[in-house]
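Peer 1: Protein chains in written order, with the working numbering: chain R, 325 to 681; chain Z, 325 to 681; chain A, 325 to 681; chain D, 325 to 681.
Treat the hints as calculated values from the structure; they're not laboratory data.
Keep in mind the model is a prediction, meaning the values are calculated, not measured.
The reader is advised that the hints may include incorrect statements.
Pairs involving identical chains hold if they fit within one copy or between any two copies, as the list cannot separate such chains.
[Stated by the list, open to error] Calculated cross-link-like contacts (lysine-lysine; reagent style DSS-like; alpha-carbon spacing at most 25 Å): (1) Lys649 <-> Lys421; (2) Lys523 <-> Lys459; (3) Lys504 <-> Lys523; (4) Lys523 <-> Lys649; (5) Lys391 <-> Lys523.
Number of protein chains: 4
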Amino acid sequence: MLIVMKPQASEEEVRRVCAKVASLGYRAHPMPGAQRTAIGITGNRGPLEREEFEALPGVAEAIPVSKPYKLVSREIKEEGSLIHLGPPESGVTVGGKELALIAWPCAIESAEQALAAAARVRRAGARLFRGGAFKPRTSPYTFQGLGEEALKILAEVRRQFGLLIVTETVDPENCDLVEKYADVLQVGARNMQNFSLLKRVGRSKLPVLLKRGMSATLEEFLMAAEYVLAEGNYNVMLCERGVRTFADHSRNTLDLSVIPAVKRLSHLPILVDPSHGTGRRDRVIPLARAAVAVGADGLMIEVHPNPDHALSDGYQSLFPDEFEKLVEQVTAIAGVLGRTTPHSAISGSGASPGPGI
Amino acid sequence: MLIVMKPQASEEEVRRVCAKVASLGYRAHPMPGAQRTAIGITGNRGPLEREEFEALPGVAEAIPVSKPYKLVSREIKEEGSLIHLGPPESGVTVGGKELALIAWPCAIESAEQALAAAARVRRAGARLFRGGAFKPRTSPYTFQGLGEEALKILAEVRRQFGLLIVTETVDPENCDLVEKYADVLQVGARNMQNFSLLKRVGRSKLPVLLKRGMSATLEEFLMAAEYVLAEGNYNVMLCERGVRTFADHSRNTLDLSVIPAVKRLSHLPILVDPSHGTGRRDRVIPLARAAVAVGADGLMIEVHPNPDHALSDGYQSLFPDEFEKLVEQVTAIAGVLGRTTPHSAISGSGASPGPGI
Amino acid sequence: MLIVMKPQASEEEVRRVCAKVASLGYRAHPMPGAQRTAIGITGNRGPLEREEFEALPGVAEAIPVSKPYKLVSREIKEEGSLIHLGPPESGVTVGGKELALIAWPCAIESAEQALAAAARVRRAGARLFRGGAFKPRTSPYTFQGLGEEALKILAEVRRQFGLLIVTETVDPENCDLVEKYADVLQVGARNMQNFSLLKRVGRSKLPVLLKRGMSATLEEFLMAAEYVLAEGNYNVMLCERGVRTFADHSRNTLDLSVIPAVKRLSHLPILVDPSHGTGRRDRVIPLARAAVAVGADGLMIEVHPNPDHALSDGYQSLFPDEFEKLVEQVTAIAGVLGRTTPHSAISGSGASPGPGI
Amino acid sequence: MLIVMKPQASEEEVRRVCAKVASLGYRAHPMPGAQRTAIGITGNRGPLEREEFEALPGVAEAIPVSKPYKLVSREIKEEGSLIHLGPPESGVTVGGKELALIAWPCAIESAEQALAAAARVRRAGARLFRGGAFKPRTSPYTFQGLGEEALKILAEVRRQFGLLIVTETVDPENCDLVEKYADVLQVGARNMQNFSLLKRVGRSKLPVLLKRGMSATLEEFLMAAEYVLAEGNYNVMLCERGVRTFADHSRNTLDLSVIPAVKRLSHLPILVDPSHGTGRRDRVIPLARAAVAVGADGLMIEVHPNPDHALSDGYQSLFPDEFEKLVEQVTAIAGVLGRTTPHSAISGSGASPGPGI
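Assemble the whole structure, with the sequences as input and the hints as a guide.
Peer 2: Next up, the structure:
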């Protein structure tokens with residue numbers, strides 16, 4: 325059930341509806357919008373009586389929700405959500421006019437590497453830095469990340485360059501530690517239906533970046549986000565990173581048509597990760613352009629941490645100057661859609677006219 | 325085996341190599357390039373002796389080809405192929421700086437409809453008109469196309485609007501008829517591995533538009549094109565139209581990452597069909613933008629033939645003014661990549677600078 | 325529309341209904357059943373009036389058919405179809421108690437090979453011999469079959485061993501030739517939606533073996549069969565041969581769950597091809613056992629044509645003694661289901677009790 | 325690296341090799357076989373020196389392992405593993421001649437239901453009872469299981485009927501609780517790459533039932549099992565439960581060809597779950613027969629808990645008498661392969677001759 329308040333409803337009236345919901349043993353999720361507030365109800369097993377709520381002062385309508393997801397739906401919140409990252413003064417918001425650029429080195433192996441990479445991507449316009457401290461790996465015998473040591477390096481990256489830190493959390497207990505260092509909690513594709521973890525990050529104060537599972541349908545993807553919102557954390561960003569198909573010319577098949585599909589159904593912003601999505605360096609820039617053109621709210625790009633050591637690179641990570649080229653190109657395309665990148669501000673371009681698609 | 329001639333090799337020397345190949349019972353495919361000519365050899369069952377050819381005058385190198393495809397490969401022809409469509413004076417070329425725009429009504433049911441649709445798409449900048457005369461349909465009980473009557477209507481569309489006609493041929497015998505009317509022969513996704521048909525269009529003088537099969541790997545797609553080239557018809561355009569996956573939010577999963585993959589391996593141009601690729605009107609424009617941004621050489625777009633009859637539309641076809649909006653947006657994005665559309669010429673925009681990505 | 329006649333309806337009454345259908349410009353498909361005759365109507369674009377038919381003498385009911393397929397449906401013919409192969413005296417029937425065993429050498433390269441292979445598989449109980457005369461190959465440069473020469477060899481196999489000949493036809497024109505030699509026309513997976521070919525074999529007097537396309541849904545598979553039946557050829561056998569998925573441990577993913585699904589919806593028999601379905605010799609026997617256990621009406625098995633030349637084998641073909649072992653095992657499993665194989669008759673086993681599942 | 329001991333090597337010699345491995349900072353996994361002991365080494369980042377180990381007394385060979393998995397591989401342990409479940413006196417072993425039958429009600433909602441279901445499935449020959457206490461559900465709003473209350477009911481089922489209890493654990497913390505009640509820990513398909521959970525169950529004393537992820541390749545599946553073995557728990561049973569494909573006629577596509585593929589590569593037993601694999605009651609029995617015929621070591625079958633309440637059933641669960649029919653049929657097929665079911669012992673059948681395939 326979704327309670328839509330009248331535009332002129334007072335805060336007191338909203339509170340009274342929430343109290344009523346609580347008294348019935350359910351949970352109320354007030355979601356203030358630009359025009360008016362909507363209140364989602366969760367925790368009810370069967371259908372509710374509309375009349376019981378429509379009789380309350382300030383209520384415009386009580387809508388039974390048929391879709392399996394509620395809180396992530398545009399039916400409950402028409403305008404797109406803006407997710408603020410970092411401390412209030414950071415000024416970094418995802419889902420608005422400016423695209424988010426998250427750069428990440430393929431692995432954090434030392435402070436030197438991480439700081440060198442951070443310096444380069446900061447210069448190219450990235451505001452967000454993703455570093456893997458705990459890496460879920462297919463094999464138990466490959467490097468599983470530096471753990472807390474990496475988290476400390478990431479904290480230093482933030483201190484020195486003002487980059488906000490995105491890092492993955494892999495289980496509920498581990499989340500306690502990661503929360504101390506990160507600005508954004510990432511839930512990886514393999515954990516998209518790890519419901520214990522989804523509930524745990526749903527109780528966090530930090531925004532969550534939720535990657536689509538390798539074979540997740542759109543509905544399953546939105547339901548995973550619903551788990552986080554249902555616990556009270558509304559700051560969720562989605563991320564498409566390629567799905568598993570028969571096609572063998574790239575590691576995964578980047579499903580860009582999911583972007584307009586998400587935009588239609590949900591108010592949550594969605595990013596694209598063309599590095600994992602293609603697994604090949606020479607595909608990253610073209611697919612990054614396409615992701616921006618299709619309407620994504622941002623990009624996650626793997627950048628080589630050590631520009632002096634070009635030969636030992638990860639197969640899919642861009643060299644820093646390729647990343648700069650990418651930022652330049654997507655900034656131009658963003659301009660066509662009436663959007664900007666952090667680079668637009670630096671170079672003074674892009675924010676300009678644009679047909680405002 | 326691929327024979328690479330010296331840059332200064334004479335035509336006589338090329339002819340002599342071809343004669344040698346023929347004398348061995350194989351087939352020679354001379355492919356003149358900007359710098360020099362390469363000659364592909366097909367028809368040999370086992371490996372050939374390099375020395376036998378390298379001894380001939382004018383030959384730079386004889387290269388054993390490991391990939392299963394030869395004639396479609398960039399190894400044999402480094403620069404991208406330009407496919408000229410229509411009579412010499414048409415000036416329509418696919419694979420160059422200008423993107424191809426193929427518009428098509430969801431069905432040709434009468435001359436009036438077809439001509440009305442043609443007038444609108446011509447105005448929006450399309451130079452190519454696709455009309456279904458023989459429609460391969462999943463069910464034997466649904467409309468299979470008007471047949472030759474539709475071909476005559478298409479001829480009238482060409483006469484009145486100067487649009488070039490793209491139409492599908494469904495079997496070798498049917499090809500005899502379609503050839504009389506069409507400017508471009510289309511081979512549909514369901515026939516991508518109909519080798520009898522591929523050989524037949526390979527013996528045609530008309531250019532071929534080959535759509536990717538629903539579950540074709542990149543290699544199978546290129547091998548299907550190889551069938552056409554191996555018969556002597558080098559004017560092949562590829563077209564990505566979505567592949568079959570578990571994802572159910574769109575009819576097919578448009579695989580845009582195949583565009584840079586084709587570009588890397590083959591000299592053939594490749595278009596994208598976002599109408600079939602998504603099956604939903606509201607996804608067509610975003611995916612068309614993405615297709616241009618990723619580097620496609622053109623678009624096939626389904627446009628509603630009857631703007632006065634909005635309710636009875638096909639689920640995936642754009643209304644004419646949506647098509648105009650699409651052309652405007654992709655022209656702007658093409659400009660960012662240093663490319664143009666036929667609309668650029670009309671509006672004077674787009675051809676301008678652009679970072680020339 | 326489906327007209328169900330009363331059990332006691334006369335042949336004259338059936339004829340009168342058919343004439344009525346023809347007079348309306350549609351096509352009638354009388355299908356005699358054990359209890360009563362049903363008449364399918366095809367060729368109508370819109371819905372028909374039930375009353376118009378229910379008023380005719382001998383008609384029990386006129387049923388509007390909602391599914392896109394009609395003639396292949398169990399709604400039109402409740403009991404499973406029995407397809408008789410070869411001349412009347414052959415005694416080979418598919419879809420009944422006895423399973424069909426089709427053996428085939430990986431290629432027919434000479435009369436000696438074919439005859440040697442035929443002798444071995446005949447001894448093991450096979451009644452059907454599949455030989456590839458025209459082979460649809462992914463590459464234009466690989467062996468495309470011996471053509472008519474192979475057909476003549478197959479005719480000799482029939483003459484010497486009494487094996488019935490199954491062979492593939494690849495286009496409508498080619499069908500004229502193949503029909504002269506074959507007992508069963510095969511339509512391959514790549515041609516499952518080659519509608520020109522489906523219509524052509526629908527006008528043949530020979531039974532058709534239709535293989536499932538690599539990414540065909542169940543509905544598309546049944547619709548392809550519907551094309552054949554709609555032309556008047558009701559003798560269609562289906563064949564599951566694996567679908568294309570992400571799984572890379574076998575060449576295709578054999579979809580055995582489609583067998584009970586087909587059995588529920590359609591009266592047509594369905595075979596399984598575990599050789600193409602797995603692409604690996606060591607998987608063929610286990611999957612053949614599973615195919616029989618799940619309820620398939622027969623098997624197609626690739627057998628090595630030359631037992632003396634074991635090293636040059638096709639990767640997926642069984643050696644003759646492995647084929648004999650397979651026949652023995654599937655005969656035992658067939659016995660558990662109350663079914664037999666041609667081998668049961670030879671060995672005297674299997675036909676015996678069995679719980680009659 | 326895999327150390328293969330000589331057949332006559334003493335326990336002391338095995339201990340010495342393990343001590344050597346530990347002294348290098350790695351982990352030794354001694355795996356006693358029928359003929360001789362092999363010792364897997366994990367924890368090493370780079371390659372090891374063979375000579376260092378081959379010099380030790382009792383060592384036959386030190387083999388560098390190229391496959392990404394080691395401990396699950398047949399290279400390390402040639403004969404199939406036998407996993408003993410429950411207390412020593414239970415006599416239930418998976419991977420041997422007798423197939424495992426795990427029956428499970430679609431949900432445990434009360435003690436009455438669970439006990440009634442248990443009585444029926446016990447009578448039909450099941451020795452293992454799976455009950456869902458903590459259910460990972462796609463939606464946060466659907467029933468998530470009764471939790472510890474269900475575990476107590478399951479303990480009562482064990483006490484009254486001697487059934488061993490299989491139940492799912494969903495995160496490392498939850499595992500502490502589940503371990504107190506269960507005989508077998510299940511890791512569900514959605515958690516197949518939840519590496520924190522895999523490590524936790526790897527430290528448990530209980531055997532683990534690991535279900536294949538929805539889009540897991542064979543290698544990823546084996547690597548997930550490797551995580552469990554690498555922590556020291558070698559008692560792992562695999563379970564195929566259907567993969568995600570385009571096919572829409574069943575909920576998932578049961579990939580039976582993975583059974584012989586696993587058998588070839590790994591010594592671990594593998595079961596099949598045709599209930600989840602098909603999602604439809606009328607497919608469960610045919611696919612259960614096929615699973616046994618292909619060589620699976622057991623079945624997991626959903627059985628309706630309340631035979632008196634037939635209408636409110638889960639769509640995929642068998643009624644108790646259907647389950648009995650299934651057991652009868654698979655027992656007969658198992659007999660053909662020279663295997664038995666717990667029902668064989670009861671009915672006195674099946675264990676008998678059989679060609680011993």
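Peer 1: None of the hints should be skipped; say for each whether it holds.
Peer 2: Hints, verified against the model:
no.	hint	result
1	Lys649 <-> Lys421	both (21 Å within a copy, 21 Å between copies)
2	Lys523 <-> Lys459	both (20 Å within a copy, 14 Å between copies)
3	Lys504 <-> Lys523	both (18 Å within a copy, 24 Å between copies)
4	Lys523 <-> Lys649	neither (39 Å within a copy, 42 Å between copies)
5	Lys391 <-> Lys523	within (21 Å within a copy, 36 Å between copies)
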